[in-house]
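There are 2 protein chains.
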Amino acid sequence: MGTEQKATNIVWHQATVSKSEREQINGHRGATLWLTGLSGSGKSTIANILEKMLWERGVRSYVLDGDNVRHGLNKDLGFSDQDRNENIRRIGEVAKLFTEAGVMTVTAFISPFRQDRDRVREIMNDGDFIEIYVKCDLDECEKRDPKGLYKKARSGEIKEFTGISSPYEEPERAEIVLENTAKTAEQSADEILAYLESNGYLA
Amino acid sequence: MGTEQKATNIVWHQATVSKSEREQINGHRGATLWLTGLSGSGKSTIANILEKMLWERGVRSYVLDGDNVRHGLNKDLGFSDQDRNENIRRIGEVAKLFTEAGVMTVTAFISPFRQDRDRVREIMNDGDFIEIYVKCDLDECEKRDPKGLYKKARSGEIKEFTGISSPYEEPERAEIVLENTAKTAEQSADEILAYLESNGYLA
Chain H
1 MGTEQKATNI VWHQATVSKS EREQINGHRG ATLWLTGLSG SGKSTIANIL EKMLWERGVR
61 SYVLDGDNVR HGLNKDLGFS DQDRNENIRR IGEVAKLFTE AGVMTVTAFI SPFRQDRDRV
121 REIMNDGDFI EIYVKCDLDE CEKRDPKGLY KKARSGEIKE FTGISSPYEE PERAEIVLEN
181 TAKTAEQSAD EILAYLESNG YLA
Chain Z
1 MGTEQKATNI VWHQATVSKS EREQINGHRG ATLWLTGLSG SGKSTIANIL EKMLWERGVR
61 SYVLDGDNVR HGLNKDLGFS DQDRNENIRR IGEVAKLFTE AGVMTVTAFI SPFRQDRDRV
121 REIMNDGDFI EIYVKCDLDE CEKRDPKGLY KKARSGEIKE FTGISSPYEE PERAEIVLEN
181 TAKTAEQSAD EILAYLESNG YLA
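Residue numbers (our numbering), protein chains in the order written: chain H, 1 to 203; chain Z, 1 to 203.
FYI, nobody ran anything at the bench for these hints, they're computed from the structure. One thing to keep in mind: the hints can contain errors.
Heads up, the list lumps identical chains together, so a pair's fine if it works in one copy or across two of them.
[Said to hold, decoys possible] Mimicking EDC-like on lysine to aspartate or glutamate, the simulated pairs with C-alpha atoms at most 20 Å apart in a straight line are:
{"hint": "1", "residue 1": "Lys-75", "residue 2": "Glu-175"}
{"hint": "2", "residue 1": "Lys-75", "residue 2": "Glu-122"}
{"hint": "3", "residue 1": "Lys-75", "residue 2": "Asp-116"}
{"hint": "4", "residue 1": "Lys-152", "residue 2": "Glu-23"}
{"hint": "5", "residue 1": "Lys-152", "residue 2": "Glu-21"}
{"hint": "6", "residue 1": "Lys-19", "residue 2": "Asp-65"}
{"hint": "7", "residue 1": "Lys-152", "residue 2": "Glu-172"}
{"hint": "8", "residue 1": "Lys-147", "residue 2": "Asp-137"}
{"hint": "9", "residue 1": "Lys-147", "residue 2": "Glu-86"}
{"hint": "10", "residue 1": "Lys-75", "residue 2": "Glu-86"}
{"hint": "11", "residue 1": "Lys-135", "residue 2": "Glu-175"}
{"hint": "12", "residue 1": "Lys-159", "residue 2": "Asp-76"}
{"hint": "13", "residue 1": "Lys-147", "residue 2": "Asp-128"}
Since we're looking at a predicted model, the values are computed, not measured.
This is chain H alone, in the form it adopts within the complex (with noise of 0.2 Å):
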């Protein structure tokens, strides 16, 4: 019994349902859409457009977001330097799994540190992290403003803040630049899935 049941959970440990198998019968790849840019871009906007059109073909997508993970797994954490690093390599990890899952995962996250970025990166497999910067002037996310956090920040009363009192550092080596000034949302996400079905991440 001993051997037998030994020999058994070896067959079964090397069925492990691996992220390949998964992406044959799923039709897609599993990957990280990762989004960076300014508050106000239209990240969020855009991750949620993306997400609804994925849908409607079939992708298994996934968004991480504030509202998802500022009040759950990283409730903990502040707005320190330190606090801001960990933020985002929590949010690398989990992209990760959902990635090895399967999953086309969508983050939106200001993400302003390329070393952040690049570390995330770095966890993931060639080819499963594509980076997305979703590129607006300052201007015209002040403008925009839809939380009216750049008037907190303009007044003090939100301090370090993306843009106004805290750098925003440009990504280098971003797969897609999404020039999200004077375009809809919509126009961003269709340029995302052309990206993808041009890279053979979609069926």
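Could you slot chain Z onto chain H? The hints should help.
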């Protein structure tokens, strides 16, 4: 343009894919199957067999275990009481995200403390958290000792090892209790599958 764009955003935000929409299309519910039990009780083996069974039925599933969590998301955590609590808290939050994404999520961690497991239950929606006690006599676990950990715990090389020098708090309201001492892991996985079927988790 400003008004039109806003209106478009509202429509799209409403259109974000909900858990119940995912479940309808997937043909099964998203939930967390939380395996708890001593080291060597069979949690990982059962989890892997179960994943394979679910996979063969077209169920979207994913296993969270030491292999993909301890060296990634939770690599900053040690084995102090505080770190153990945080370890389980984070795993619970990630399991919740996977569950919201419509995935049948299987976790395989000793998770010896009742309070930690109850906290995970509390953050989940009713019915989304299924606690599964993989019950196995300490003697049997120690005899199996697949990773040689009991030996190290007995020699004092590992401190605060569950069952030897640190308590295991048995679940008081587990949805499933698997009497795994004398059973094969296949039989235990079958029992979980039967529970999912008879409780409406699978189509």
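We went through each hint and held it up to the structure:
1. Lys-75 <-> Glu-175: Neither, since 30 Å and 28 Å both go past 20 Å.
2. Lys-75 <-> Glu-122: between (25 Å within a copy, 16 Å between copies)
3. Lys-75 <-> Asp-116: both (19 Å within a copy, 16 Å between copies)
4. Lys-152 <-> Glu-23: neither (45 Å within a copy, 40 Å between copies)
5. Lys-152 <-> Glu-21: neither (49 Å within a copy, 37 Å between copies)
6. Lys-19 <-> Asp-65: between (24 Å within a copy, 16 Å between copies)
7. Lys-152 <-> Glu-172: neither (30 Å within a copy, 49 Å between copies)
8. Lys-147 <-> Asp-137: within (17 Å within a copy, 55 Å between copies)
9. Lys-147 <-> Glu-86: neither (24 Å within a copy, 31 Å between copies)
10. Lys-75 <-> Glu-86: both (12 Å within a copy, 12 Å between copies)
11. Lys-135 <-> Glu-175: within (13 Å within a copy, 49 Å between copies)
12. Lys-159 <-> Asp-76: within (19 Å within a copy, 28 Å between copies)
13. Lys-147 <-> Asp-128: neither (32 Å within a copy, 32 Å between copies)
Checked against the numbered hints listed earlier, the structure breaks hints 1, 4, 5, 7, 9 and 13; every other hint is satisfied.
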